[in-house]
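Enquirer: Chain by chain, the residues run as shown.
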Amino acid sequence: MIALETRNLNKSFGSLQVTQNVNLAFEQGERSAIIGPNGAGKTTFFNLLAGELRPNSGSILFEGRDITSLDSTSRARIGIARSFQRNNLFPDYTVRENLALACALRAGTAPIFWRPMRSLTSAHTEADEVAAQVGLQDSLGATVRNLSYGSQRQLEVALALACRPKILLLDEPTSGMSPEETARMHDLITGLPRTLTVIIIEHDMDIVLDVADKIAVLDYGRVLEQGTPAEIRASKIVRERYLGEDAFGAGGAS
Amino acid sequence: MMSMMANRTFVRRAIGVALIVAALLAQRFSGFFAQELIAEAAILGIFTLSLDLLATCGLVSFGHAGLLGVGAYIFGGMTVLMGLPPALAIIAAVLGGIVISFLVGLLAVRTSGAFFIMVTLAAAEMFYAWGFRSKLFNGADGMGGIPRLDLKPIGLDLDNPEIFALLCIGLCVVVWLLLELVVASPFGRTLAAIRQNPSRVAALGGRVFAYRLAAFTASGAIAALAGAFKVQHTNFISPDLVSWFVSGDVLIALVIGGMGTLVGGPLGAAILVILKEVLSSSFGHWYLFLGAIFAFVALALPRGIVGWLLDMIGRLSQRKAPAGMPGSSAEAEQ
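Going down the list, the sequences are from chains A and B. In this text, residue positions in the first sequence follow this note's numbering: the first is 13, and each later residue adds one. In this text, residue positions in the second sequence follow this note's numbering: the first is 30, and each later residue adds one.
Keep in mind that the hints were calculated from the coordinates and are not lab data. All figures in this text were calculated on a predicted structure; none of them were measured in a lab. Do not take every clue at face value.
Here are the simulated distance ranges between beta carbons [unchecked claim]:
no.: 1; chain 1: A; residue 1: ASP78; chain 2: B; residue 2: THR140; range: 26 to 32 Å
no.: 2; chain 1: B; residue 1: LEU117; chain 2: A; residue 2: ARG98; range: 52 to 58 Å
no.: 3; chain 1: B; residue 1: GLY313; chain 2: A; residue 2: GLY120; range: 54 to 60 Å
no.: 4; chain 1: B; residue 1: ALA324; chain 2: A; residue 2: ASN33; range: 55 to 61 Å
no.: 5; chain 1: B; residue 1: ALA324; chain 2: A; residue 2: PHE25; range: 40 to 46 Å
no.: 6; chain 1: B; residue 1: VAL307; chain 2: A; residue 2: GLY120; range: 47 to 53 Å
no.: 7; chain 1: B; residue 1: THR140; chain 2: A; residue 2: LYS248; range: 50 to 56 Å
no.: 8; chain 1: A; residue 1: ILE90; chain 2: B; residue 2: ASP188; range: 57 to 63 Å
no.: 9; chain 1: A; residue 1: ARG98; chain 2: B; residue 2: THR140; range: 20 to 26 Å
no.: 10; chain 1: A; residue 1: PHE25; chain 2: B; residue 2: SER228; range: 16 to 22 Å
Covered stretches of chain A, going by a simulated chain B footprint (3 or more residues, C-beta under 8 Å) [said to hold, decoys possible]:
no.: 11; segment: 97-108
no.: 12; segment: 116-129
According to the in silico footprint, chain A covers these stretches of chain B (three or more CB under 8 Å from chain A) [claimed, not checked]:
no.: 13; segment: 201-214
no.: 14; segment: 218-231
We put the CB at the ideal spot given by N, CA and C, even for glycine.
For reference, chain A alone in the conformation it holds in the complex (with noise of 0.2 Å):
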């Protein structure tokens, strides 16, 4: 079944056209990559699947329903969380309180005023939980802007998470993690559910290889090639273009 589906996207900023005819379609339970070089409209491409931005022209498909009209929030309570590429989290709050609340704006339970938010017991079960799913286990007191900057990272992803959402979006989830930051997000990301779509943009071409089944590669806004990732690897145009020829070897390409 296609979970999310984008047909002939268009979105331009003045003169400037960020997304340029969009196909493409992502499988129920699978992983998917978007590449391509800074400025190729990749955080556009999220921006419009999430909801935050409206495209000119064209509509996008949630199992099949036409959801182009809605707005984050509908397409957020109807199971398409994302994660920032710039951390966008609730800094005056632990990383308990930032994840419980999540949980609590899922489950409905945030509309609640008349009993405390501690009483609120599966919220803060869920949201130790999702903590514990990125590491985050022993710095669930700590306040979000005391946080390191990876941690933060970790907790950006574990916010969508906690959204508990059929499709997860991704972007640069690893940005500025330490190596060993990057290797548990690697680890968190090849053990994610297979019943969640996950989309992912990211530079690390080790982490995309290694995770996706399909990749698309961005360039100027349009789909300059897609396939799994032998076949971009074989792909002569994605290697002039985007990856170079030693891309796969240094395994970096950002």
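Given the structure of chain A, go ahead and fit chain B onto it with the hints provided.
Expert: What follows is chain B alone, placed relative to chain A:
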């Protein structure tokens, strides 16, 4: 840290209890005239609480006098013009506050920051312009003879300033306790999350607009309640009640006391009422001095008196905290 957070809540509530004790002592041991000041401070305290609830989700209104005025004019109109019992008029005032703030909020909470300030100010000024011309309410001259709630059946004569002052303190305490409950609830925590990062709340599936509208509406209900008691206190209603001076006063009280601390509002209200009394009886251009004091507090204590106390106590308790606890060491580095 969870313990630090709990610590802050504890200190905030302890300040609240101290303030209540101070208010009751002042009420018990001061003379006739001070009773009027205590009632005024308590009513302004309720008003600051309504503004602080709104500030929880990151919105600062500069037209809150408009919502105070809704309660005041409904109460005055129903009791004086229609001859209805004050108890009914209080309920109607609060309901009116809910309806009007909901309608204004539909438009206002789509904006934030300076735009929100302008929209709320404009709405209040429209109300002021209407009140200024209203024949029904005697326009700019105002209307007197507004009665107080009749609690004689249970043995309380509210025309007695001491009893009225006590009732106002009690009402302020009840509103404070209710809001303590609300800010600690999932709803209140969501409001605080919206203040920190509205777009992430939206990305997590939270309807930011609905939460802000709910906060604005609840804030309007409390402001209208304050308005209904404000006119009972002075027995008089005039458009001055709705002027931007009043919106400014409540904001000053809240900023002096500490925005986002709840208890800071009533503390700031007490300070403002006392300052006004002292300054206006000693100097001609007393608003000048008030402005200077406000500027000093804003610069020296940007988080208000209660915010400053919380930070100081937080720092002291951290020094005592064992090293190596997550969060504590990092925060001490700042």
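Enquirer: None of the hints should be skipped; say for each whether it holds.
Expert: Now the hints, each set against the structure:
Look at ASP78/A against THR140/B: about 30 Å separates their beta carbons, and that is inside 26 to 32 Å. A hinted range of 52 to 58 Å holds for the C-beta pair LEU117/B and ARG98/A, which are about 55 Å apart. The beta-carbon spacing between GLY313/B and GLY120/A, approximately 59 Å, falls within the hinted interval of 54 to 60 Å. At roughly 58 Å, the beta carbons of ALA324/B and ASN33/A sit within the given window of 55 to 61 Å.
The hint said 40 to 46 Å for the Cβ distance between ALA324/B and PHE25/A, and at roughly 43 Å that hint holds. Our hint of 47 to 53 Å for VAL307/B and GLY120/A holds, since their Cβ atoms are close to 52 Å apart. For THR140/B and LYS248/A, the Cβ-Cβ distance of about 53 Å falls inside the hinted range of 50 to 56 Å, so the restraint holds. The hinted range of 57 to 63 Å is satisfied by ILE90/A and ASP188/B, whose Cβ atoms lie roughly 60 Å apart.
Distance hint for ARG98/A and THR140/B: a CB-CB separation of about 25 Å, consistent with the stated range 20 to 26 Å. Remark: the range hint 16 to 22 Å for PHE25/A to SER228/B is upheld by a beta-carbon distance near 18 Å. By the rule of at least three residues with a Cβ nearer than 8 Å to a Cβ of chain B, the coverage given for the segment 97-108 of chain A holds, with 8 such residues. Counting residues of the segment 116-129 of chain A whose beta-carbon sits less than 8 Å from any beta-carbon of chain B gives 12, enough to reach three: the coverage restraint holds.
Interface restraint, the segment 201-214 of chain B with chain A: holds (4 residues with C-beta to C-beta distance below 8 Å; minimum three). Given as covered by chain A, the segment 218-231 of chain B passes the check, having 10 residues with a CB less than 8 Å from a CB of that chain where 3 are the minimum.
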